[in-house]
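Novice: Each chain, letter by letter, is given below.
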Amino acid sequence: MHGILLLLIQIVVVLIVARLVGVAFRRIGQPQVVGEMVAGILLGPSLLGWAAPGVSAFLFPPASLGLLGDIALIGLVLFMFLVGLELDPRLLRGRGQAAALVSSATIAIPMLCGALLALFLYPRLSDASVDFVGFALFVSVALSVTAFPVLARILAERNLLKTNLGAVTLACAAAADVGAWAVLAVILAVVRTDAAAHPLWVTLAGTAAFVAGAFLVLRPLLQRLERLHASRGTLTQDVLAGVLLILLAASATTEWLGVHALFGAFVIGTAVPREREFVRDLTERLEDVTVVLFLPLFFAAAGLRTSIGLVSGAEMWGYAALISAVAIVAKFGGSALAARAGGLSWREASALGVLMNTRGLMELVILTIGLDLGLISPALFAMLVIMAIATTFITTPLLEWVYPTRLILEDTDVDDAPDAPFTVVVPVSLPSSGPALFRAARALAPPAGLRIYGLHLARPETQSALDAVEPVETLPAETPLGPLLDAAAGTGVDLRPLDFVSRDPGRDIADVARQKAADLVLIGWHKPVVSESVLGGTVADVLRHTRADVAVYLERTFRPWTRVLVPYRGGPHDQAALRLASRIARTTGAEITLLHVVPPASGDGAETREAFPSNVELRVVPSDDPVEALVAVAREGFDLVVVGVSETWGLDPSPFTVRHERIARECPASMLIVRTHAAVPAPRPARVPA
Amino acid sequence: MKTAALYVALVVVPLLGVVGVLQLGGLVEPPPSVGGAWRVTEGALCAIPGRAFSVEQSGAFLHLRLPGRVGLPARLAGDHFEAEGGATGDVSPGCGSDAVRVEARVGEDVAEQITGRMGIPGCGGCPMRPFVAVRDTTAAAPGGLAAQPAP
Chain A
1 MHGILLLLIQ IVVVLIVARL VGVAFRRIGQ PQVVGEMVAG ILLGPSLLGW AAPGVSAFLF
61 PPASLGLLGD IALIGLVLFM FLVGLELDPR LLRGRGQAAA LVSSATIAIP MLCGALLALF
121 LYPRLSDASV DFVGFALFVS VALSVTAFPV LARILAERNL LKTNLGAVTL ACAAAADVGA
181 WAVLAVILAV VRTDAAAHPL WVTLAGTAAF VAGAFLVLRP LLQRLERLHA SRGTLTQDVL
241 AGVLLILLAA SATTEWLGVH ALFGAFVIGT AVPREREFVR DLTERLEDVT VVLFLPLFFA
301 AAGLRTSIGL VSGAEMWGYA ALISAVAIVA KFGGSALAAR AGGLSWREAS ALGVLMNTRG
361 LMELVILTIG LDLGLISPAL FAMLVIMAIA TTFITTPLLE WVYPTRLILE DTDVDDAPDA
421 PFTVVVPVSL PSSGPALFRA ARALAPPAGL RIYGLHLARP ETQSALDAVE PVETLPAETP
481 LGPLLDAAAG TGVDLRPLDF VSRDPGRDIA DVARQKAADL VLIGWHKPVV SESVLGGTVA
541 DVLRHTRADV AVYLERTFRP WTRVLVPYRG GPHDQAALRL ASRIARTTGA EITLLHVVPP
601 ASGDGAETRE AFPSNVELRV VPSDDPVEAL VAVAREGFDL VVVGVSETWG LDPSPFTVRH
661 ERIARECPAS MLIVRTHAAV PAPRPARVPA
Chain B
1 MKTAALYVAL VVVPLLGVVG VLQLGGLVEP PPSVGGAWRV TEGALCAIPG RAFSVEQSGA
61 FLHLRLPGRV GLPARLAGDH FEAEGGATGD VSPGCGSDAV RVEARVGEDV AEQITGRMGI
121 PGCGGCPMRP FVAVRDTTAA APGGLAAQPA P
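As given, the protein sequences belong to chains A and B, one line each in that order.
Number 631 in the numbering used here belongs to position 631 of the first sequence; there are no gaps in the numbering.
Number 64 in the numbering used here belongs to position 64 of the second sequence; there are no gaps in the numbering.
Watch out, some of these pointers could steer you wrong.
[Said to hold, decoys possible] DEER-style ranges, computed between Cβ atoms:
1. A:Glu315 to B:Glu29: 16 to 26 Å
2. A:Ala249 to B:Glu82: 51 to 61 Å
3. A:Trp317 to B:Pro93: 38 to 48 Å
4. A:Arg27 to B:Arg129: 14 to 24 Å
5. B:Thr137 to A:Pro220: 39 to 49 Å
6. A:Trp317 to B:Arg129: 29 to 39 Å
7. A:Leu67 to B:Glu82: 33 to 43 Å
8. A:Leu244 to B:Thr137: 35 to 45 Å
[What the hints assert, rightly or not] From chain B, some residues computed to sit far from chain A (all C-beta separations above 10 Å):
9. Tyr7
10. Arg39
11. Val40
12. Glu42
13. Phe61
14. Ala87
15. Val91
16. Ser97
17. Asp98
18. Arg129
19. Val132
20. Asp136
21. Thr138
Please keep in mind that the hints were generated in silico from the structure rather than gathered at the bench.
Backbone N, C-alpha and C define an ideal beta-carbon position, used for all residues, glycine too.
Whenever a hint applies, use it, and build me the whole structure from the sequences.
Specialist: Okay, here's the thing in structure tokens:
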């Protein structure tokens with residue numbers, strides 16, 4: 001097959017498998033990158049080559065792997081630049097002596113354990129062509145490394161980025177990465193010198209000169225580019241080209257020196273000036289294509305060299321288990337011990353130990369270098385890959401066990417204000433819906449003592465380690481809560497923004513409502529991607545899990561509410577709807593019309609009319625189709641329909657509903673769909689609640 | 001003072017331990033290196049038509065890759081190893097099997113020569129016969145396996 005055609009087919013196959021496995025892992029609560037790492041192994045001799053050798057030989061013939069590997073290496077250069085870019089020195093500064101102790105110990109203790117492990121493994125899994133010092137240092141580095149990027153995302157997903165634990169963990173991970181790459185550079189220099197054109201002193205002196213030049217010469221150049229970016233207000237192609245040129249030249253230099261192109265990329269990433277917008281723009285421009293396209297190619301290239309079949313027999317699997325056990329115990333024990341000694345609680349120290357065990361793709365990068373250099377054999381490479389995946393895989397469940405989300409939320413909750421008489425939680429997804437939801441919340445509250453929690457739940461992938469060093473107070477205005485905050489400004493309403501990462505918005509909204517003792521959750525509705533259902537998706541989750549009244553607001557008209565229609569059959573949700581409508585009437589002066597739909601043969605509803613107070617206008621409409629009757633009446637100039645969920649009105653909050661709520665589609669007025677938690681059956685028709 | 005003591009206990013001592021282990025490693029003897037591509041220079045070998053084979057090594061654990069056959073697992077015991085297997089099912093008349101047997105001895109450290117006997121046991125057409133193989137630094141190993149790059 002033609003080279004470029006085969007390459008394109010390979011990329012397509014790799015991307016499809018990586019996305020599928022990555023999404024599957026995300027579904028089970030794992031970082032997507034773990035799934036992508038596994039996908040790479042599945043495409044290699046461990047599965048595809050074993051189960052379908054013909055397909056494997058067709059898709060990945062050995063002669064084609066060089067090109068795939070080269071492309072993956074370019075991607076890794078970009079990725080290591082981004083890793084360096086994310087390592088903000090502010091993560092390390094100002095954390096006190098305790099953090100310095102913890103970050104140093106989280107490297108030193110695993111390195112000692114790694115060296116001892118190397119002493120055991122060297123006569124069993126290495127050979128005389130490998131020098132013990134290089135082997136032992138490499139195993140030490142492999143055990144001490146932490147995947148900073150994966151760790152930052154796990155911290156973001158767990159809303160730990162801005163906690164003391166998150167800050168110390170990031171500082172430790174950053175120090176571990178810098179330390180690991182520094183030691184690896186020394187190993188590379190020593191090992192490669194045997195075969196390279198340069199003597200050792202040239203490599204070492206050249207590397208030292210390169211690092212100094214990166215900060216003394218290249219950093220000022222990058223600062224100029226940053227100023228250019230600031231003056232233009234955007235990252236122009238010229239500025240991006242300048243950064244890429246510096247990056248590639250640096251990578252070429254370190255490759256020439258014999259300490260690997262990735263080292264140069266990492267150093268240049270750390271040398272970029274830490275101007276927030278510049279770093280953000282660079283990351284946004286480079287991250288997507290690197291993470292979505294290049295990293296899966298690297299995982300595939302690594303997976304194609306990973307043959308789990310080489311780990312055969314009880315003895316070999318025993319070694320693999322030993323490596324994983326030592327890696328976990330060394331990193332967990334060393335980190336937790338140091339963190340406890342550094343002043344963290346046992347729970348926090350244990351959580352830090354668990355988090356530092358996240359080795360992820362940084363481990364894979366380092367292992368690949370070791371395999372290329374012949375420092376480790378293919379079988380030991382496979383064992384270390386198993387360890388890398390295992391230690392990353394167990395991080396999330398272990399963290400949940402050691403430090404459950406519930407405790408994290410309680411520990412990070414600094415809301416010590418006295419209870420308000422009426423509390424509304426307002427989750428905001430679309431920024432433009434904020435003002436309307438604020439107006440609705442004010443109208444639904446009693447006259448005094450309203451507190452609103454504006455809630456924005458960010459997607460995990462939008463967070464990065466940079467968010468850990470940004471001041472808290474600058475964030476809510478930049479989130480979709482901005483318009484809500486603007487609408488509340490000057491009204492005197494106690495509005496408190498909450499902004500955190502969520503993988504399960506429905507459940508998290510319910511948790512916040514419980515924690516804040518909310519009386520009402522007011523959630524906006526906008527058309528979802530895959531469904532027309534008003535009460536599906538996140539809304540359904542909120543309705544199912546929230547132990548408070550929930551109102552779903554659909555804004556159709558922008559008129560002030562002067563005429564409110566309440567369809568009523570007497571069920572508990574209808575009562576809640578009428579209760580909220582009564583509040584609207586009190587706060588806005590709107591007129592309330594109660595709609596009671598009766599079967600045509602049941603008379604004119606005179607008995608029903610007597611059951612309601614005189615200040616509410618009652619319309620009794622005989623009809624076999626309550627929804628059609630409601631829509632017809634709503635067309636008579638009503639501004640708002642407040643309706644309780646029930647099958648009568650075609651509003652059944654089933655979690656699996658895919659049917660269109662006809663009433664929501666056809667009703668011309670804005671709607672407030674109400675579901676009460678205190679659902680007590682009531683006689684029909686019931687009296688209007690006071 | 002307490003922090004300094006902790007620093008010594010949790011950082012300095014482990015790093016000194018690493019240095020100590022690196023020193024101690026000089027006393028540990030690894031298996032000889034036999035991984036890579038090999039070329040048979042002496043011996044009429046019916047079991048290796050192309051007169052070339054490769055060895056995939058992980059310490060004492062070996063996989064011999066003979067052309068047209070699946071890998072033969074073996075284990076180094078000192079400087080000796082024995083391997084048997086790689087049957088293809090293509091049994092010649094008069095032979096009970098076509099599984100290859102290798103009994104070999106390697107040189108010290110980074111071995112440059114393998115000597116031993118190789119053949120198909122119980123097969124008159126391919127009896128166990130002596131062979132000598134030398135490291136092939138020019139060609140890629142047969143069976144799609146490249147030689148391990150020398151550090």
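Novice: Look at each hint and say if it fits the structure.
Specialist: Verification of the hints:
The supplied range of 16 to 26 Å is met by glutamate 315 (chain A) and glutamate 29 (chain B), whose beta-carbon atoms lie about 19 Å from each other. Taking 51 to 61 Å as the suggested C-beta distance range, the pair alanine 249 (chain A) and glutamate 82 (chain B) conforms, at roughly 54 Å. Range check, tryptophan 317 (chain A) to proline 93 (chain B): Cβ separation about 41 Å, and the 38 to 48 Å hint holds. For the hinted restraint 14 to 24 Å between arginine 27 (chain A) and arginine 129 (chain B), the CB-CB distance of approximately 59 Å leaves it violated.
One distance hint, 39 to 49 Å for the beta-carbon pair threonine 137 (chain B) and proline 220 (chain A), holds here, with the actual separation near 47 Å. For tryptophan 317 (chain A) and arginine 129 (chain B), the hinted distance range of 29 to 39 Å is satisfied, since their beta carbons lie about 36 Å from each other. Taking the beta carbon of each, leucine 67 (chain A) and glutamate 82 (chain B) are about 40 Å apart, inside 33 to 43 Å as hinted. Roughly 39 Å separates the CB atoms of leucine 244 (chain A) and threonine 137 (chain B), a value that falls within the hinted 35 to 45 Å.
With a closest Cβ-Cβ approach of about 6 Å to chain A, tyrosine 7 (chain B) is found to fall inside the 10 Å limit, against its non-interface label. Distance check on arginine 39 (chain B): its Cβ is at least 18 Å (rounded) from any Cβ of chain A, clearing the 10 Å threshold; non-interface status holds. Annotated as non-interface, valine 40 (chain B) keeps its C-beta farther than 10 Å from every C-beta of chain A; the closest such distance is 21 Å. No beta-carbon of chain A comes within 10 Å of the beta-carbon of glutamate 42 (chain B); the shortest separation is about 24 Å.
Annotated as non-interface, phenylalanine 61 (chain B) brings its C-beta within 10 Å of a C-beta of chain A; the closest such distance is 6 Å. Listed as outside the interface, alanine 87 (chain B) is consistent with that label: its C-beta sits roughly 18 Å from the nearest C-beta of chain A, beyond the 10 Å cut-off. For valine 91 (chain B), the requirement that its beta carbon stay farther than 10 Å from each beta carbon of chain A is met, with the minimum near 23 Å. Every CB of chain A lies more than 10 Å from the CB of serine 97 (chain B), the least distance being 22 Å, so the non-interface label holds.
With a closest Cβ-Cβ approach of about 21 Å to chain A, aspartate 98 (chain B) is found to remain outside the 10 Å limit, as its non-interface label requires. The beta carbon of arginine 129 (chain B) sits about 28 Å from the closest Cβ of chain A, which is more than 10 Å, so the claim that it is off the interface holds. Valine 132 (chain B), annotated as away from the interface, keeps every beta carbon of chain A farther than 10 Å; the closest lies near 20 Å. Listed as a non-interface residue, aspartate 136 (chain B) keeps its Cβ farther than 10 Å from every Cβ of chain A; the least gap is roughly 15 Å.
Listed as outside the interface, threonine 138 (chain B) is consistent with that label: its C-beta sits roughly 16 Å from the nearest C-beta of chain A, beyond the 10 Å cut-off.
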